[in-house]
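Please model the entire structure based on the sequences and the hints provided.
If you read the sequences in order, they're chains A and B.
Counted from 1, the first sequence has number 172 at position 172 by the numbering used here; the numbering is strictly sequential.
Counted from 1, the second sequence has number 66 at position 66 by the numbering used here; the numbering is strictly sequential.
Read the hints as simulated data drawn from the structure, not as lab findings.
Built from N, CA and C at the ideal position, the CB exists for glycine as well.
Careful: at least some of the hints might be erroneous.
[Stated by the list, open to error] Not close to chain A: a few residues of chain B, all C-beta gaps over 10 Å, as computed: (1) Pro8; (2) His23; (3) Ser25; (4) Pro43; (5) Thr45; (6) Met54; (7) Ala81; (8) Ser85; (9) Arg111; (10) Leu121; (11) Leu124; (12) Ser158; (13) Leu161.
[As the list claims (entries may be wrong)] Cβ-Cβ distance ranges computed for the label pairs, FRET-style: (14) A/Glu16 x B/Gly134: 39 to 45 Å; (15) B/Gly7 x A/Glu54: 20 to 26 Å; (16) A/Thr148 x B/Gly24: 45 to 51 Å; (17) A/Thr71 x B/His23: 50 to 56 Å; (18) B/Ser101 x A/Glu203: 28 to 34 Å; (19) A/His146 x B/Gly135: 26 to 32 Å; (20) B/Asp147 x A/Asp96: 49 to 55 Å; (21) A/Gly58 x B/Ala159: 19 to 25 Å; (22) B/Ala159 x A/Glu54: 24 to 30 Å.
Next come the chains, spelled out residue by residue.
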Amino acid sequence: MTLVPSVAAPQPILAEILAAGLARAGDALAAMSGHEVAIVGADVVACGSAQLIEIAGGPDTTVVAVYIGITGPLHGHALLILPLDGAHRLAAILLDGMVEARVDGEHGGATLEFDALELSALQEVGNVTISACLNVLGQLFPEPVHPTVPQAVIEFAGAILDSVLLDLVADSDEILAARTTFAIDGEAIGGTIVILPDRHSLELLADASVRYVA
Amino acid sequence: MTLVAAGPLLVAGIGELVASAEHGSTLVAYGLGSCVALGAWDPRTRAAALAHFMLPTGPAGGPPAKFVDRGLEAFLERFAALGGSIRRAELKAAGGASMLSVMAGALDIGRRNSEAVNARLAALGLKLAAADFGGSAGRTVQLSVSDGRFHVKSVARSAVL
Chain A
1 MTLVPSVAAP QPILAEILAA GLARAGDALA AMSGHEVAIV GADVVACGSA QLIEIAGGPD
61 TTVVAVYIGI TGPLHGHALL ILPLDGAHRL AAILLDGMVE ARVDGEHGGA TLEFDALELS
121 ALQEVGNVTI SACLNVLGQL FPEPVHPTVP QAVIEFAGAI LDSVLLDLVA DSDEILAART
181 TFAIDGEAIG GTIVILPDRH SLELLADASV RYVA
Chain B
1 MTLVAAGPLL VAGIGELVAS AEHGSTLVAY GLGSCVALGA WDPRTRAAAL AHFMLPTGPA
61 GGPPAKFVDR GLEAFLERFA ALGGSIRRAE LKAAGGASML SVMAGALDIG RRNSEAVNAR
121 LAALGLKLAA ADFGGSAGRT VQLSVSDGRF HVKSVARSAV L
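Okay, here's the thing in structure tokens:
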């Protein structure tokens, strides 16, 4: 699932651009992990911030999120959000048995504890995935779009999104969202990629999208 | 950690406020990051209100508690309409975290939100009885209308202010 805020950018064009970015992200993750990885679909829809939080799992649901800031010609925020069980499974697949799956009675059976190796692997997944999307977006501009250093957190989905949405929704309550599905070795692992350019960046993206079509 | 409420649950979404004087009901603000939840509870009338403020200041329009500066008045009006006396009320607040270190320096909205709540209350001659501000953890807040318990939970801990 990929989420992008905008009221101005043409949704089908952005969906096409994001699909290309997600395909590259899948290839990059496959090269990194040695596993078959596919990230497909980019169903872009407009929604409010509350709906965005529900889509990402609900405000009170504990998730693993990898945050990356967007700099360069575009400014904003990007997140990879994974449910706890999906994050554990993803880390276990990518680390090829170097960590054991752990469960407890809460959070849908998944433990809140992630060791440094798991968090590092998930941080790198977020880095590779989001950077691939930003690279494709950057091709619309003379200069590349740069990601900041990734930061992984284990938190309420609502609290994470609340923090990154605050500086974006001061003058607008509408957000554009696009959904995507991740599959690794044929196993579906739910996740959400959120790309949130600021308002000025969205206007730049809208203009660039028109040029992209022309 | 699942929230348990015996009676009706009224949820203050981002920028929203809720109020009740119904025994057994609970007011909730889920998933506060940089946002701040402000609660008021009158021990005599057992009226309660909870706001989920998003930003310290901003233009008119939008959800009633989106901005602290404009939303506080609406919050106080809703509380008073249910029989709550703000002079008698227990005022408590939580939130204002800085969860992502790479963003903290640039925005620091969590700190600004908590400062705005304190400043606006002080301008009215009011002060918080208890607060849980700052840090790097998200929070969920629930306010019990029956007894005024102001429960703050995060992924790693849970406390009653």
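(request) Would you check whether the claim that B/His23 is not at the interface survives, using Cβ distances to chain A and the 10 Å cut-off? (result) holds, 24 Å
(request) Just tell me: holds or violated, for the beta carbon distance of B/Gly7 and A/Glu54 against 20 to 26 Å? (result) holds, 24 Å
(message) Given the hint of 26 to 32 Å, is the C-beta distance from A/His146 to B/Gly135 inside that range or not?
(response) The hint (26 to 32 Å, Cβ to Cβ) holds, given that A/His146 and B/Gly135 are roughly 29 Å apart.
(message) Range first: 19 to 25 Å. Now tell me if the beta carbons of A/Gly58 and B/Ala159 are that far apart.
(response) holds, 22 Å
(request) Find the nearest Cβ of chain A to the Cβ of B/Ala81 and say whether that gap is larger than 10 Å. (result) holds, 24 Å
(message) At 10 Å, judged by beta carbons, does B/Leu161 keep clear of chain A as stated?
(response) Nearest chain A Cβ is 18 Å from B/Leu161, so the label holds.
(request) Test the statement that B/Leu121 is away from the interface with chain A: the closest C-beta pair must be farther apart than 10 Å. (result) The claim stands: B/Leu121 keeps its Cβ more than 10 Å from every Cβ of chain A (closest is about 21 Å).
(request) Take a quick look at B/Pro8 and tell me if its Cβ sits farther than 10 Å from every Cβ on chain A, holds or violated. (result) B/Pro8 is indeed farther than 10 Å from all Cβ atoms of chain A, at 17 Å.
(request) Take the C-beta atom of B/Ala159 and the C-beta atom of A/Glu54, compute their distance, and say whether it sits inside 24 to 30 Å. (result) Cβ of B/Ala159 to Cβ of A/Glu54: about 27 Å, so the range 24 to 30 Å holds.
(request) Against chain A, does B/Met54 hold up as non-interface, every C-beta pair farther apart than 10 Å? (result) violated, 6 Å
(request) Say whether it holds or is violated: B/Ser85 keeps its Cβ farther than 10 Å from all Cβ of chain A. (result) At roughly 31 Å from the nearest Cβ of chain A, B/Ser85 sits farther out than 10 Å, so the non-interface label holds.
(message) Holds or violated: the 49 to 55 Å window for the beta-carbon distance between B/Asp147 and A/Asp96?
(response) holds, 53 Å
Of the numbered hints stated above, the single one contradicted by the structure is hint 6.
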